[in-house]
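Peer 1: Listed below are the residues making up each chain.
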Amino acid sequence: MGLPGAGKTTVLQGAIAGFGEWKVLNYGDLMFEIAKGRGLVSHRDDMRKLPSKEQQKVQKEASEKLEKAKGKVILDTHCSIHSLTGYMPGLPFEQLGKLPVDYLVFISAPARDILGRRQRDTTRKRDMVTIEEVEQDILVNTAYLCAYSAFSGAMASIIMNADGKLDDAVSKLKEIIKKVGEE
Amino acid sequence: MGLPGAGKTTVLQGAIAGFGEWKVLNYGDLMFEIAKGRGLVSHRDDMRKLPSKEQQKVQKEASEKLEKAKGKVILDTHCSIHSLTGYMPGLPFEQLGKLPVDYLVFISAPARDILGRRQRDTTRKRDMVTIEEVEQDILVNTAYLCAYSAFSGAMASIIMNADGKLDDAVSKLKEIIKKVGEE
Amino acid sequence: MGLPGAGKTTVLQGAIAGFGEWKVLNYGDLMFEIAKGRGLVSHRDDMRKLPSKEQQKVQKEASEKLEKAKGKVILDTHCSIHSLTGYMPGLPFEQLGKLPVDYLVFISAPARDILGRRQRDTTRKRDMVTIEEVEQDILVNTAYLCAYSAFSGAMASIIMNADGKLDDAVSKLKEIIKKVGEE
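Chains as they are written, first to last, in my numbering: chain A, -17 to 165; chain B, -17 to 165; chain C, -17 to 165.
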C-alpha cells in the first residue's frame, strides 16, 4: 500500500526482481477494469470521482476476484483512496477478513518529498495539495494500516522511500518478501 | 464528530440550512437526558466525570434509541469523549455495527486555533489544556475515525474549520450531505 | 502498554505500591518463557528476531494462559512489538476479544526523551534509532491503542512520562488503578 507520490510502484518493481514465483495483482487496475467494463469511467483517475457506493460495489467485486487468487501474491493497493469528499478504506474489515494476509506494507516518504513529487507529476490528473494535506494523508493512512493489522493480526511495515534513498526502500521490501516466502 | 473547540455545532448548523429532510440527533443530549433522568448528573459537562462503566451504560441506552431513528439522520457526536482518566470511544464497534452509517465526518481545526477557542470559552466548564494535549486529542480522534471507517466500510472525512475559514468548512459539509442524500 | 524507553516498568512499579490485591502479569515474560522452553531463543531481546509466525504462535499460547488468570490483573505488555521488518500487534482483536479489559493504558513520553533513554540504555540489545523513528513508533502505537479501544469499548489512556515528571505519571496511573478497582 502507498500514498500517491510515495513511489509505491517503483519500490515494488525494484523489489520483486528475482522473485519469479510471486504474482503482483493491482487492486486499482482490477477496479478500473470492472468500472470501465460497466461504462462508469473512461480515465483511471476518474475512479476517485465515482459515487462512494458505486466505488464500494466495484471494490467488493474486485476483492471477490482476489479471494480466488492462488500462490504467492503481492496485492498492490492503497490504505485508503482519497476522493473529493473523504477517505474510502482500501481494505475494510469485511473484505480484509476474507484475504489471508501475512504482511501489510505501507510505502511512505517524508511529507515534503511526497508534495514535491505530486507537484512535478503532470501525467496524472491530480488535485492541488498543501503540505498539511500530505501530512494528514500520512497520518490517516498510518491509522488505517494499524487498524488493519490489529484486526487481521498481520504484521504492519512502514517503508520510507525518501528522495535519493530508493535503494534502501527496495532492499527493505526485498527483505520482507524473502522473509514471508521462507515462513 | 468533532473535538471540543473544533466548532462542530457551528459548522453543522450552517451546513444543514436548506436540507429540510435531514434530522439532527445529538448523542450527548441523548446521553445527558438519560443520565439526568436517573439523577446521575445535573450539569452537562459533569458527564465526563461519571465512572466509565456508568458512561458506557448510558451510551448503550442512547444507541438503542438511535437504532430506531428513521429517515435521513445526522448524528452529532464525538470520536471519543476525553474524561479525566482517558478517552472513551464514541462509537465502539459493538454499537457502530448496529447503525447504518454512510459517512463519518470529523470536524477538526489547527491545534493552535482549537487551543485559543477553548481558552476563550468561559461558558462551559473545561479543564486547562496545553497545545501538546490538543495535538494528542487530534491524533487520537483521527485514529478512532479510521478504526470506525475500517470496521464499517464507511467513508471518513476530515473537515478543517480553521479560524476565519468557517464558510469553507460549511460548504464542504454541505457537499457531503448533498452527496449522501443523492446516493 | 508502552514503548521501549517510555519507562513503563518504572511507572507501573511506582503506581501499584499499596494496591496489594492487584496481580501484574508480564506478557513478554510469559512469551519468553514459552519460547525459551521450546529452545527458540536464549536472550529476551532475541524474541523480536523470531519469524513472525513463530512469534504469533507464542503470543497465542501466552494469551491462552492469560484468559485463565483470576482476580484483579494488570497486564504489562506492548501496543505493538517492533521487530526488524515491522510492527506486530500486541493485542490482535482475536486475542483481545477473549480478555475482559476495562482500561487500556499506554505509557508514552516526548520523542526526544525516549530517544535519549534508548541511547543511554546499554543493558539491553537495542537497534540504533533516530528521532523520526521514535516519532513513528509513538504514532503507530497510538493508532493501535485506539483500534483496540474502538474494538473492545475499553477506555484508552495515554500517560506521558516526561523526563523529571515520573511522579506525575505514577499518580495518574494510581488514579486509574483506584478508579477501576472501585467500579
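Treat the hints as calculated values from the structure; they're not laboratory data.
A portion of the hints provided could be inaccurate.
As the list makes no split between identical chains, a pair holds if one copy fits it or if it spans any two.
Unchecked claim - As a list, the in silico DSBU-like pairs of lysine-lysine whose alpha-carbon atoms are at most 35 Å apart:
| # | residue 1 | residue 2 |
| --- | --- | --- |
| 1 | K161 | K54 |
| 2 | K161 | K80 |
| 3 | K161 | K35 |
| 4 | K80 | K50 |
| 5 | K160 | K35 |
| 6 | K161 | K31 |
| 7 | K161 | K47 |
| 8 | K5 | K156 |
| 9 | K5 | K161 |
| 10 | K52 | K35 |
| 11 | K147 | K161 |
| 12 | K18 | K35 |
| 13 | K5 | K47 |
In this text, all values refer to a predicted model and were calculated from it rather than measured experimentally.
Peer 1: Which hints from the list above does the structure break, by number from lowest to highest?
Peer 2: none
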